[in-house]
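Each chain is listed here by its residues.
There are 2 protein chains.
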Amino acid sequence: MARPRLTAEAYIEGIRQGERTILARGLTLLESKRAEDTTLASEVLTALWPAAYQTGFRIAVTGPPGAGKSTLIEELGMAAIASGRNVAVLAIDPSSGVSQGSILADKTRMDRLSQAERAYVRPTPAGRHLGGTAEATRECLALVQAAGFDLVLIETVGVGQSEIEVAAMADMVLLALAPAAGDELQGVKRGIVEVADVVAITKAEGELAPLAMQAALSYRQGLHLAPPKESGWAVPVLEVSSLAGTGIAALWETLGAYHTHILSNGYFGRQRKAQLENWLAAKIKQTWESRLFENSDYPGALIKAKQAVETGGWVPTIAQNLVAEVLKVG
Amino acid sequence: MARPRLTAEAYIEGIRQGERTILARGLTLLESKRAEDTTLASEVLTALWPAAYQTGFRIAVTGPPGAGKSTLIEELGMAAIASGRNVAVLAIDPSSGVSQGSILADKTRMDRLSQAERAYVRPTPAGRHLGGTAEATRECLALVQAAGFDLVLIETVGVGQSEIEVAAMADMVLLALAPAAGDELQGVKRGIVEVADVVAITKAEGELAPLAMQAALSYRQGLHLAPPKESGWAVPVLEVSSLAGTGIAALWETLGAYHTHILSNGYFGRQRKAQLENWLAAKIKQTWESRLFENSDYPGALIKAKQAVETGGWVPTIAQNLVAEVLKVG
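Protein sequences, first through last, are from chains A and B.
Residue numbering for the first sequence follows our numbering, beginning at 83 and increasing consecutively.
Residue numbering for the second sequence follows our numbering, beginning at 83 and increasing consecutively.
So here's chain A without its partners, still in its complex pose (with noise of 0.2 angstroms):
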């Protein structure tokens, strides 16, 4: 049941149109990892590109899991359409291949979102777990802007490091926390507070509401004492409640206020020029280090040098030596 390949100008012809399938079967091209799907993918890329360079709003949503990211996501998507944008959704997992169970059955999320004629909610496909991964990020947001959706939100469910990574690709953080007890901690332990130009307090209603509100106000505390932030902008923190649809409206318009602030200031344009170095470097590194494997003498070398360090007989100062001489480094 393999579907026809696509040329290269069906691809970039359907995208502009704004064709969620043909969007759809590139954004898996650009995830694939063969040879063939590599330079069809590389040629659509480039076609598309200007609509992509210097364009567009991407906001990463981020936060622990039951901060309640995707029903926020869907309030905030249906939010901006009726301002007149048009919305995509990524759904990104740094740690793709990982199962994670909560988020794979909860397949009805964004219901709305995914039948409204101006978004387009990136399905998850059969046999992955979530519908990207980190590694296309960049690429994938280039391709859904060409597709006409300039706001583009991604959702990251992954924890750590490749989460701030995934921070690190777009214009905005936006950091959801929910107000239960623990999550406080738990919220910030992953250094994603740093990188956080909105924080949102979820579930802002009922029972939770003098939580939220006490959340919030540690919050702000906490903020007051950080460093100011290179884009010049004091982050706030909301309380909102998707279930009672409190406080997304506040939560839209300060992120369309942060998007005015980055552009008057300049600060837009610098940071999607360094995000542009830094995806360079990226992938000059990447393409470096698969010559590292690529040397047909490198795995035997390295069980070697392993085998020397682990019964002690050499430190891996020296034990390197070995494979730099097998692969005639240094």
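Note that these hints are calculated values from the structure, not bench results.
Among the hints, a few may not be true.
[Stated by the list, open to error] Straight-line distance between alpha carbons at most 35 angstroms, and here's what the computed DSBU-like set of lysine-lysine pairs gives:
#, chain 1, residue 1, chain 2, residue 2
1, B, Lys367, B, Lys355
2, B, Lys386, A, Lys355
3, B, Lys388, B, Lys367
4, B, Lys386, A, Lys311
5, A, Lys115, B, Lys386
6, B, Lys311, A, Lys355
7, A, Lys388, A, Lys115
8, A, Lys355, B, Lys388
9, A, Lys386, B, Lys115
10, A, Lys311, B, Lys388
11, B, Lys355, A, Lys367
12, B, Lys388, A, Lys115
13, A, Lys367, A, Lys386
14, B, Lys367, A, Lys388
15, A, Lys311, B, Lys367
16, B, Lys388, A, Lys386
17, B, Lys115, A, Lys367
[Stated by the list, open to error] Sample of chain B residues facing chain A (criterion: CB under 8 angstroms; computed from the structure):
#, residue
18, Trp131
19, Leu299
20, Lys355
21, Trp361
22, Ile366
23, Trp370
24, Leu374
25, Glu392
26, Val397
From the three backbone atoms N, C-alpha and C, an ideal C-beta is built for every residue, glycine too.
Knowing the structure of chain A, use the given hints to seat chain B on it.
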């Protein structure tokens, strides 16, 4: 006023006999990037390596600035000496080169420990901000152990990811946190809580005592929610006062209990082995990357690629092909 160069034998013998001057010069040698020093350092390290392989005990002491790490280390060091240990203290600055005012000014720190016969506190050489760089930490640990110091306290003064890297070189991580408001948040936001094996709430004295108790409670709750450690150890939170001298004995006992725990369940040896593998991998990567930068065509190709990317002409994914071509890679 250059001192005469020492031979490898002089280094090896001097360090084996615990001569502090030779040890200090040996540590400086390990950190040197000059080619002739590298060869000498390799020889010295290889000879002294057996004394460090799977021996000794290494504690990374970490925490935000102002948490009282130095005074805590002095107290713990004195307690360790009293129980028969030989103690070395290394201060590691992962972000070496960045001025660290408060630490620089604090020249009299660890007064008693510095003068103790069974202790070695690495002095801060003129012209450098701190006593060590993260890059050579693993090598330096081997050297001080070879000099007879079987307990090494590693004070990390950096922040963020690099601090966690240093922590990953130790057998255990002691996280020091001051009870002052805001510090709770500051302390945890760096992801260091995840790698802590013991948490010490410092300054549990006088007016701060209730705050310390509150902070300890809050951390205990938070840690209760954290996933179990691979070592099978439940992270305790202790209150200490270096000023009043309270809680230090209990803390020292807890550190000893952790040591016994991981020795008896084999985690100590497994962790050391994994650290050796990481060390080897890091060294291979380092040698390999240095080859990229040594290619005389690289800088030119990089500048061209950067320009093409920054003006929006090329996608980084494509631009790196130019670099690969110049370097005859891929």
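Status of each hint after checking the structure:
Distance check on the hinted pair: Lys367 of chain B and Lys355 of chain B sit about 19 angstroms apart at the alpha-carbon level, within 35 angstroms; holds. Distance restraint check for Lys386 of chain B and Lys355 of chain A: the Cα-Cα separation of roughly 15 angstroms lies within the 35 angstroms cut-off, and the hinted pair is therefore satisfied. At roughly 24 angstroms between alpha-carbon atoms, Lys388 of chain B and Lys367 of chain B fall within 35 angstroms of each other, so this suggested pair holds. A distance of roughly 31 angstroms separates the Cα atoms of Lys386 of chain B and Lys311 of chain A; the hinted pair therefore holds under the 35 angstroms criterion.
Distance hint between Lys115 of chain A and Lys386 of chain B is fulfilled; the C-alpha atoms sit about 27 angstroms from each other, no more than 35 angstroms. Among the hinted pairs, Lys311 of chain B with Lys355 of chain A is inconsistent with the structure: their alpha-carbon atoms are about 41 angstroms apart, more than 35 angstroms. Among the hinted pairs, Lys388 of chain A with Lys115 of chain A is consistent with the structure: their alpha-carbon atoms are about 29 angstroms apart, no more than 35 angstroms. The hinted pair formed by Lys355 of chain A and Lys388 of chain B meets the criterion: a straight-line CA distance of about 10 angstroms does not exceed 35 angstroms.
A hinted pair counts as satisfied when its Cα atoms are at most 35 angstroms apart, and Lys386 of chain A with Lys115 of chain B qualifies at roughly 27 angstroms. Proximity of Lys311 of chain A to Lys388 of chain B is assessed by CA-CA distance (about 26 angstroms); at most 35 angstroms being required, the pair is judged to hold. As the CA atoms of Lys355 of chain B and Lys367 of chain A are separated by approximately 27 angstroms, the hinted pair is consistent with the 35 angstroms bound. Restraint check: the Cα-Cα separation between Lys388 of chain B and Lys115 of chain A comes to about 25 angstroms, which is no more than 35 angstroms; the hinted pair holds.
For the hint linking Lys367 of chain A to Lys386 of chain A, the alpha-carbon distance of about 25 angstroms falls within 35 angstroms, and the restraint holds. Distance restraint check for Lys367 of chain B and Lys388 of chain A: the Cα-Cα separation of roughly 14 angstroms lies within the 35 angstroms cut-off, and the hinted pair is therefore satisfied. A distance of roughly 33 angstroms separates the Cα atoms of Lys311 of chain A and Lys367 of chain B; the hinted pair therefore holds under the 35 angstroms criterion. Restraint check for Lys388 of chain B and Lys386 of chain A: the C-alpha separation of about 39 angstroms exceeds 35 angstroms, so the hint is violated.
For the proposed pair Lys115 of chain B and Lys367 of chain A, the alpha carbon gap of about 23 angstroms is at most 35 angstroms, so the pair holds. Restraint check, Trp131 of chain B versus chain A: the minimum CB separation of about 5 angstroms is within 8 angstroms; hint holds. For the restraint placing Leu299 of chain B at the interface with chain A, the shortest Cβ-Cβ distance is roughly 12 angstroms, beyond the 8 angstroms limit, so the hint is violated. Using the Cβ-Cβ criterion of 8 angstroms, the hint placing Lys355 of chain B at the interface with chain A is satisfied: the shortest such distance is roughly 6 angstroms.
The criterion of a C-beta within 8 angstroms of any C-beta in chain A is met by Trp361 of chain B, whose closest approach is roughly 4 angstroms, and the hint holds. Interface restraint check for Ile366 of chain B: the shortest CB-CB distance to chain A comes to about 5 angstroms, inside 8 angstroms, so the restraint holds. Evaluation of the Trp370 of chain B hint against chain A yields a held restraint, the C-beta minimum of about 5 angstroms falling below 8 angstroms. Proximity of Leu374 of chain B to chain A holds as hinted, the smallest CB-CB distance being about 5 angstroms (cut-off 8 angstroms).
Given hint, Glu392 of chain B at the interface with chain A, holds; its Cβ is 6 angstroms from that chain's nearest Cβ, closer than 8 angstroms. Residue-level restraint check for Val397 of chain B holds (minimum Cβ-Cβ distance to chain A is 5 angstroms; threshold 8 angstroms).
In summary, the numbered hints that this structure violates are 6, 16 and 19.
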